[in-house]
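A.B. asks: Here are the chains, one letter per residue:
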Amino acid sequence: MNLTLKIWRQKNATSKGRFVTYKVNDISTSSSFLEMMDVLNESLVMKGEDPVAFDHDCREGICGACSMYINGHPHGPDKAVTTCQLHMRKFSDGETIVIEPWRARPFPVLKDLIVDRSAFDKIIQAGGYISVNTGGIPDANAIPIPKVKADLSMDAAACIGCGACVAACKNASAMLFVSAKVSQFALLPQGRIEAAERVQAMVAEMDKQGFGNCTNTGACEAECPKEISISNIARMNREFLSAKVCAPKVKEMNEGGG
Amino acid sequence: MAELNSKIPKGLLPQKWTDYKNHINLVNPPNKRKLEIIVVGTGLAGASAAASLAEMGFKVKNYCYQDSPRRAHSIAAQGGINAAKNYQNDGDSVYRLFYDTIKGGDYRAREANVYRLAEVSNSIIDQCVAQGVPFAREYGGLLDNRSFGGAQVSRTFYARGQTGQQLLIGAYSALSRQIKKGNVEMFTRHEMLDVVLVEGKARGIIVRNLVTGAIERHAAHAVVLATGGYGNVFFLSTNAMGSNATAIWKAHKRGAFFGNPCFTQIHPTCIPVHGDFQSKLTLMSESLRNDGRIWVPKKKEDAEKIRHGKLLPTAIAEEDRDYYLERRYPAFGNLVPRDVASRAAKERCDAGFGVGETGLAVYLDFSDSINRLGKSTIEARYGNLFQMYEKIVDENPYKTPMMIYPAVHYTMGGLWVDYELMTTVPGLFAIGEANFSDHGANRLGASALMQGLADGYFVLPYTIQNYLADQIRVPKFSTDLPEFKQTEKEATDRLQRLMNVKGNQTVDSFHRRLGLIMWDNVGMGRNEAGLKNAIVEIAKLREEFWKDVKISGEPNEINPELEKAGRVADFLELGELMARDALNRNESCGGHFREEYQTPEGEAMRNDEDFKYAAAWEYTGESAEPKLNKEILDYEFIEVKQRNYK
Numbered sequence: 001m002n003l004t005l006k007i008w009r010q011k012n013a014t015s016k017g018r019f020v021t022y023k024v025n026d027i028s029t030s031s032s033f034l035e036m037m038d039v040l041n042e043s044l045v046m047k048g049e050d051p052v053a054f055d056h057d058c059r060e061g062i063c064g065a066c067s068m069y070i071n072g073h074p075h076g077p078d079k080a081v082t083t084c085q086l087h088m089r090k091f092s093d094g095e096t097i098v099i100e101p102w103r104a105r106p107f108p109v110l111k112d113l114i115v116d117r118s119a120f121d122k123i124i125q126a127g128g129y130i131s132v133n134t135g136g137i138p139d140a141n142a143i144p145i146p147k148v149k150a151d152l153s154m155d156a157a158a159c160i161g162c163g164a165c166v167a168a169c170k171n172a173s174a175m176l177f178v179s180a181k182v183s184q185f186a187l188l189p190q191g192r193i194e195a196a197e198r199v200q201a202m203v204a205e206m207d208k209q210g211f212g213n214c215t216n217t218g219a220c221e222a223e224c225p226k227e228i229s230i231s232n233i234a235r236m237n238r239e240f241l242s243a244k245v246c247a248p249k250v251k252e253m254n255e256g257g258g
Numbered sequence: 259m260a261e262l263n264s265k266i267p268k269g270l271l272p273q274k275w276t277d278y279k280n281h282i283n284l285v286n287p288p289n290k291r292k293l294e295i296i297v298v299g300t301g302l303a304g305a306s307a308a309a310s311l312a313e314m315g316f317k318v319k320n321y322c323y324q325d326s327p328r329r330a331h332s333i334a335a336q337g338g339i340n341a342a343k344n345y346q347n348d349g350d351s352v353y354r355l356f357y358d359t360i361k362g363g364d365y366r367a368r369e370a371n372v373y374r375l376a377e378v379s380n381s382i383i384d385q386c387v388a389q390g391v392p393f394a395r396e397y398g399g400l401l402d403n404r405s406f407g408g409a410q411v412s413r414t415f416y417a418r419g420q421t422g423q424q425l426l427i428g429a430y431s432a433l434s435r436q437i438k439k440g441n442v443e444m445f446t447r448h449e450m451l452d453v454v455l456v457e458g459k460a461r462g463i464i465v466r467n468l469v470t471g472a473i474e475r476h477a478a479h480a481v482v483l484a485t486g487g488y489g490n491v492f493f494l495s496t497n498a499m500g501s502n503a504t505a506i507w508k509a510h511k512r513g514a515f516f517g518n519p520c521f522t523q524i525h526p527t528c529i530p531v532h533g534d535f536q537s538k539l540t541l542m543s544e545s546l547r548n549d550g551r552i553w554v555p556k557k558k559e560d561a562e563k564i565r566h567g568k569l570l571p572t573a574i575a576e577e578d579r580d581y582y583l584e585r586r587y588p589a590f591g592n593l594v595p596r597d598v599a600s601r602a603a604k605e606r607c608d609a610g611f612g613v614g615e616t617g618l619a620v621y622l623d624f625s626d627s628i629n630r631l632g633k634s635t636i637e638a639r640y641g642n643l644f645q646m647y648e649k650i651v652d653e654n655p656y657k658t659p660m661m662i663y664p665a666v667h668y669t670m671g672g673l674w675v676d677y678e679l680m681t682t683v684p685g686l687f688a689i690g691e692a693n694f695s696d697h698g699a700n701r702l703g704a705s706a707l708m709q710g711l712a713d714g715y716f717v718l719p720y721t722i723q724n725y726l727a728d729q730i731r732v733p734k735f736s737t738d739l740p741e742f743k744q745t746e747k748e749a750t751d752r753l754q755r756l757m758n759v760k761g762n763q764t765v766d767s768f769h770r771r772l773g774l775i776m777w778d779n780v781g782m783g784r785n786e787a788g789l790k791n792a793i794v795e796i797a798k799l800r801e802e803f804w805k806d807v808k809i810s811g812e813p814n815e816i817n818p819e820l821e822k823a824g825r826v827a828d829f830l831e832l833g834e835l836m837a838r839d840a841l842n843r844n845e846s847c848g849g850h851f852r853e854e855y856q857t858p859e860g861e862a863m864r865n866d867e868d869f870k871y872a873a874a875w876e877y878t879g880e881s882a883e884p885k886l887n888k889e890i891l892d893y894e895f896i897e898v899k900q901r902n903y904k
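Residue numbers (the working numbering), protein chains in the order written: chain A, 1 to 258; chain B, 259 to 904.
Hints listed in this document are in silico derivations from the structure and should not be mistaken for laboratory results.
Fair warning: there could be bad hints in the mix.
[As the list claims (entries may be wrong)] With a cut-off of at most 25 Å between alpha-carbon atoms, the simulated SDA-like pairs for lysine to any residue come out as follows:
id, chain 1, residue 1, chain 2, residue 2
1, B, K439, A, I137
2, A, K149, B, E637
3, B, K568, B, V531
4, A, K47, B, I636
5, A, K11, B, K822
6, B, K734, B, L262
[Said to hold, decoys possible] Partial selection, computed: residues in chain B whose CB lies under 7 Å from chain A:
id, residue
7, S431
8, P813
9, I816
This structure is a prediction, so every number in the text was calculated from the model and none was measured.
Note that beta-carbon positions come from the ideal geometry of N, C-alpha and C, so glycine has one too.
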């Protein structure tokens, strides 16, 4: 199939970007979207032009590196896939495809389609963990966990941290990402111990990083490649409220020797 | 020949690790704060080591080429992690896990290391549960297990088809906690280019900041490489696009011996290759072999019709199907180890019974299990894998059998390390897939996660202290030492040389050609003529690369082409060493199958008389042949036998 690509090109974080139009021909319908980009880049290199820079690594939908905003959708038109798992059979011959980076202030563009998502790491560093050191741990079966809860926790833990939820949201909210981590731990007895401190610390960091708030449009859930449920946001709001009301205020969870 | 000291502790096998821990030198808390450790890589081994060392009080610097430590390729492991818990009451024990691993590795691993691995396996599960890893559970609330190849017990813990992801995120969260506390300094989008030696000891690394292109010098009292395997030498593999051998290869060229480079694992259940533009291969978890039956048509004419699209697999009658693993290996059936399953698939396809458009595929069929257990049970077990398959292949595996074919997946070889996980360069350690240690000639399923976390959480944090206890009087190093400047200059010059070639062929085109040479000659079946041919061809390709590679852009910016070029340049050297090692090893064992050495039934023929050793290759210079050193493997506690899965 032959395609027209309109791709956002931006030399670096400080320069101004623009759309550049490219043509690619003879693309196989069974190749992945990134393999199509590889074909484009090979031809650009051969012409002595700068290839399009984009983040990618595992190419099997799990590392969360790839991040293209395709025809107005994070990860493109197909449901429940990352860009690397999107296949060209989802497009038609002769189509024009618009490719942009994630657009959100907390994710500044570094080059072309590469953005800086370290704000997500900062949120995890603020409290996305259970404070246990290596060693001296009781037997794994010492605390039974209801299967239903373990499964719900796993549903939330499936998040790959790609940032599609932020890119999809008109407020650039990171609530789906943060709530998935909060929920994973809040549902487990091991995570309950610091639940109140965790949710407060992570929400505070989320705000500090400049992510917007949730206005319940549900775009994040609709575009999430791992189909993380928006009910996690409801759970996080509940956790946050009860922490504010019931628990002593904790500024930084690791100050208490966590 | 240099003397290889594996430093295996004396005493009975079950006591070695305990005795070792009781007698090593430790570093007291105030001194820990003065000692710096560089950890390169943030996969299961790297992240768990960085977090554990920081918790103990050391100052850690941690590096990854990705934009976040959470993206290391351990994340893609699907099936599970082994441990000798015996929760299923099916007769498992530390000894059994140890024995299965040694046997699975075809008696080419070090007994003491493997026993230690089995011993600490249980602590890993405890640790992960405490971190909030949501492992699969039974209705009673206890942990669930499943079976994997090469074992007759159920000892594999799993989190759906995303076990690697969940374990990695667990290690990443522990790491994040230490970053927040200031005990770990994290460098993302940084790639290691070389290791710096001062007076023969590893004292730092040279890295490239992948955003600015700046070359930086970083110093420490010890350097730990946790940079994974080198499967991407084959171009097409299940590794991530960025997975590379540069760190270990540069360490090798600075004096670290390379152990068993030819031991490569070809995983039997991957989605078959579909075209020339393909960039990587996708694994389908081995756990699928619990409920899937592998077959090809019994009649060649049926296979041919299928290849031409004139016959559907579902139309082939039961008696016309050849369930070749069940036929050849009745005791283990579809759950034979990976090397055995891969070779059996190749044998059938080479004989003309393969399916799919190319004839390079076999069926993995779930219809019996769906009939027996119901679709919903199969969906609960493998739903995400089936979905992934359908996205890629555009076929519904609930209705038509999956097609699979072997692909390069893991490298058992790596930097040679002693019992303390130290390479032959003092102060330079290698952990996880980057070292050669525990899997011998073939790794069992669900054992990579176990080894990565064992090394990082429970082994290295002890053994590195035995080295560092000596270093407490050594002040912090200045990166202005001539050794740092010189190594930096060499790294910069090399990048400039690459940029200056200004040839006519892309990096990927060279990588693809190297991959083909490797797959055809150093892949699933190897022989003397092919290996000799590969050595010549790789050398020619390397020469062509340095004369004709074309890299666009500048070195002082984000430049993925330059990143790839540096990695491919190293693969072009490592590939040759793999071929040399395979040529030297005149036997078939595990993943290394030399066609000259097989039984009349086509089973691998080991030669314990001449090859019961780990090959440790020593770099001797650009144009000189590498030197072979041997670590003879003594089996004190188990009897070395012909591996039998019949």
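A.B. asks: State for each hint whether it applies.
C.D. replies: Status of the hints after comparison with the structure:
| no. | hint | verdict |
| --- | --- | --- |
| 1 | B/K439 <-> A/I137 | 22 Å, holds |
| 2 | A/K149 <-> B/E637 | 19 Å, holds |
| 3 | B/K568 <-> B/V531 | 21 Å, holds |
| 4 | A/K47 <-> B/I636 | 50 Å, violated |
| 5 | A/K11 <-> B/K822 | 19 Å, holds |
| 6 | B/K734 <-> B/L262 | 30 Å, violated |
| 7 | S431 | 4 Å, holds |
| 8 | P813 | 13 Å, violated |
| 9 | I816 | 4 Å, holds |
Consistency with the previously given hints fails for numbers 4, 6 and 8, ordered from lowest to highest.
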